[in-house]
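From first to last, the protein sequence lines are chains A and B.
Counted from 1, the first sequence has number 326 at position 326 by the UniProt record's numbering; the numbering is strictly sequential.
Counted from 1, the second sequence has number 326 at position 326 by the UniProt record's numbering; the numbering is strictly sequential.
There may be inaccurate statements among the hints.
The list treats identical chains as interchangeable, and a pair is accepted whether it falls inside one copy or across any two copies.
What the hints assert, rightly or not - When the alpha-carbon atoms are kept at most 25 Å apart in a straight line, the in silico SDA-like pairs for lysine to any residue are as follows:
id, residue 1, residue 2
1, Lys94, Arg243
2, Lys94, Asp112
3, Lys94, Pro333
4, Lys94, Asp138
5, Lys94, Pro230
6, Lys94, Leu314
Don't read these hints as lab results, they were simulated from the structure.
What follows is the residue order along each chain.
Protein chains: 2
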Amino acid sequence: MSDAVSRPTLEAVAARAGVSRATVSRVVNGGDGVREPLVERVRRAVEELGYVPNQAARSLVTRRHDAVAVVIAEPETRIFTDPFFALQLRGISKELTAHDNQLVLLLTEGRDDHARVARYLAGGHVDGALVFSLHLDDPLPGLIEGAGVPTVFGGRPGWSDGTDSAVYVDCDNRGGAEDAVRHLVGLGRTRIAHITGPLDQTSAADRLQGYRDVMGETDPRLVVASDFTPTGGERAMGELLDRCPDVDAVFAANDLTALGALRVLRERGRRVPEDVAVIGFDDVLPVAEQTEPPLTTVRQDIEEMGRLMARLLLSTLARGGPATGAPSSVVLPTTLIRRATA
Amino acid sequence: MSDAVSRPTLEAVAARAGVSRATVSRVVNGGDGVREPLVERVRRAVEELGYVPNQAARSLVTRRHDAVAVVIAEPETRIFTDPFFALQLRGISKELTAHDNQLVLLLTEGRDDHARVARYLAGGHVDGALVFSLHLDDPLPGLIEGAGVPTVFGGRPGWSDGTDSAVYVDCDNRGGAEDAVRHLVGLGRTRIAHITGPLDQTSAADRLQGYRDVMGETDPRLVVASDFTPTGGERAMGELLDRCPDVDAVFAANDLTALGALRVLRERGRRVPEDVAVIGFDDVLPVAEQTEPPLTTVRQDIEEMGRLMARLLLSTLARGGPATGAPSSVVLPTTLIRRATA
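With these hints in hand, go ahead and build the complete structure from the sequences.
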């Protein structure tokens with residue numbers, strides 16, 4: 001257990017440097033208006049004593065913490081099992097580190113904890129927030145708005161038309177889904193099903209829309225709701241085979257869903273792609289490469305999206321707010337990656 | 001982008017409640033010395049306006065943030081690929097959430113970022129810290145000491161004899177390793193190898209010590225250094241088979257190492273356990289259950305260790321410091337789990 005008493009004080013630094021407390025304070029907060037020899041003496045004293053300025057007090061003056069919060073609106077159990085989040089965090093971490101900003105990941109057990117997250121955001125501990133995986137009925141966006149910290153969202157927020165004040169980074173979910181379904185049509189498939197993600201997320205709703213764009217009015221039994229997890233994909237695929245034994249293609253809303261669907265197809269003796277073609281979404285590695293057979297999928301550059309989110313936020317912070325030349329949202333294109341399943 | 005201007009102020013709450021700023025401030029900070037009807041009026045105004053107190057200012061008074069930092073002294077890439085960390089975080093998250101404390105995970109790209117982590121810890125943003133996966137030559141412990149926040153460590157710290165002021169939670173690494181190696185001896189194996197973890201971590205050093213306790217003086221070629229990763233395990237197993245083709249058992253320092261070793265044994269046509277018996281350490285699921293064949297391993301209750309770390313820290317904070325009745329470190333027992341590899 002560390003001993004709080006041993007921490008060197010501002011007074012100790014002042015005594016060591018032979019200057020006033022006010023001088024030390026000015027140097028620690030940027031050194032404006034202090035002569036260079038004095039700055040040097042204070043810096044040496046700070047170093048010798050291992051003095052760490054009290055940032056809570058200092059930040060009341062400078063209003064900067066060089067720290068950015070990341071909030072993923074999912075329970076921590078999902079954050080550590082879906083490689084999507086690790087990839088997005090990797091992009092964010094690289095970008096923040098390159099600018100010497102601390103990544104502060106606020107973990108929760110679920111939605112009940114979001115008010116506490118908002119309190120932390122409002123508490124003056126971070127300069128801004130990166131928020132992703134929002135669900136439509138989640139109070140988090142409102143709470144974050146109330147917290148008053150600059151925020152960039154991952155994925156188009158669903159509570160507005162997405163064209164107003166919210167800045168976000170997303171991929172072209174609808175266009176990517178259209179590519180996938182068009183590819184299945186091009187293979188001559190006629191009974192093309194879609195296993196959706198959680199439809200209270202815009203990514204899942206947009207992918208469903210892309211499926212509908214290409215398929216038009218279709219047998220409603222070919223669309224099965226799921227939740228972006230392998231277990232959900234297994235359940236949905238089982239249901240689909242029971243309802244529509246003649247299904248000959250599946251567009252799964254993400255790779256983990258496709259992974260579950262492939263398992264059930266194998267168990268039920270359906271050959272992939274001969275009997276049923278399968279396409280996923282995300283291209284999260286190693287998942288997509290290591291499925292049996294390797295997965296054809298719609299690639300989005302998840303790490304790059306994380307990097308862009310961080311870059312947009314940092315540029316906003318550097319300008320001191322969103323008022324002038326506010327950055328606009330970014331929507332990245334997707335690519336169909338052909339492997340063995342379609 | 002949220003609009004910072006829209007955030008309701010203390011003044012607005014005071015006006016709405018028809019009281020002074022000082023009264024609002026007192027109520028927000030606990031309500032001492034304010035008459036109940038006034039407290040009620042302020043509370044109603046706070047609720048109606050959605051006022052969120054500025055915690056940076058408030059915490060200068062109360063000195064509590066209800067937030068605990070978690071620092072894992074590994075780059076984020078490892079945190080998201082080794083299930084050990086997810087399990088430990090799960091235990092920590094459950095315990096902190098149960099006490100309405102925010103888990104603040106400080107991610108880094110590596111050791112170069114540890115000074116920044118220490119600045120954040122010293123900055124008055126958290127009440128305490130849980131720190132794990134320390135390496136011997138890491139400056140982090142010293143930096144944390146300097147930051148002056150109460151800290152509980154995961155794993156016995158290596159920079160002291162571990163019996164002084166540092167509070168930690170660990171498992172019986174040495175005893176667990178002894179059990180594993182004794183089991184291999186009991187199976188009649190005579191050429192028992194050990195693939196170590198990174199020996200600048202006490203967990204790895206203690207497991208090697210346990211191996212030596214049972215084996216005594218042994219062929220030095222039977223001990224190969226590695227790094228707790230599957231790739232490291234592959235490399236070490238390859239080396240081991242080249243050096244000692246007669247090896248008939250391997251105690252791997254963790255399950256991921258064993259996973260890599262099993263891959264190479266399969267590639268080289270060695271049957272497990274007939275030709276080479278293998279034992280891991282950790283029992284991280286689903287890894288240990290899904291290896292081919294399922295892995296015999298030394299189980300430590302990682303989630304419970306996380307929970308205990310959080311509990312020790314919260315009890316220290318509740319007492320206002322480590323001075324009186326300081327909690328002592330905890331070392332949990334391990335259990336040998338027999339599956340198919342030994």
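Output the indices of the hints that this structure fails to meet, ascending. Violated: hint 1 alone.
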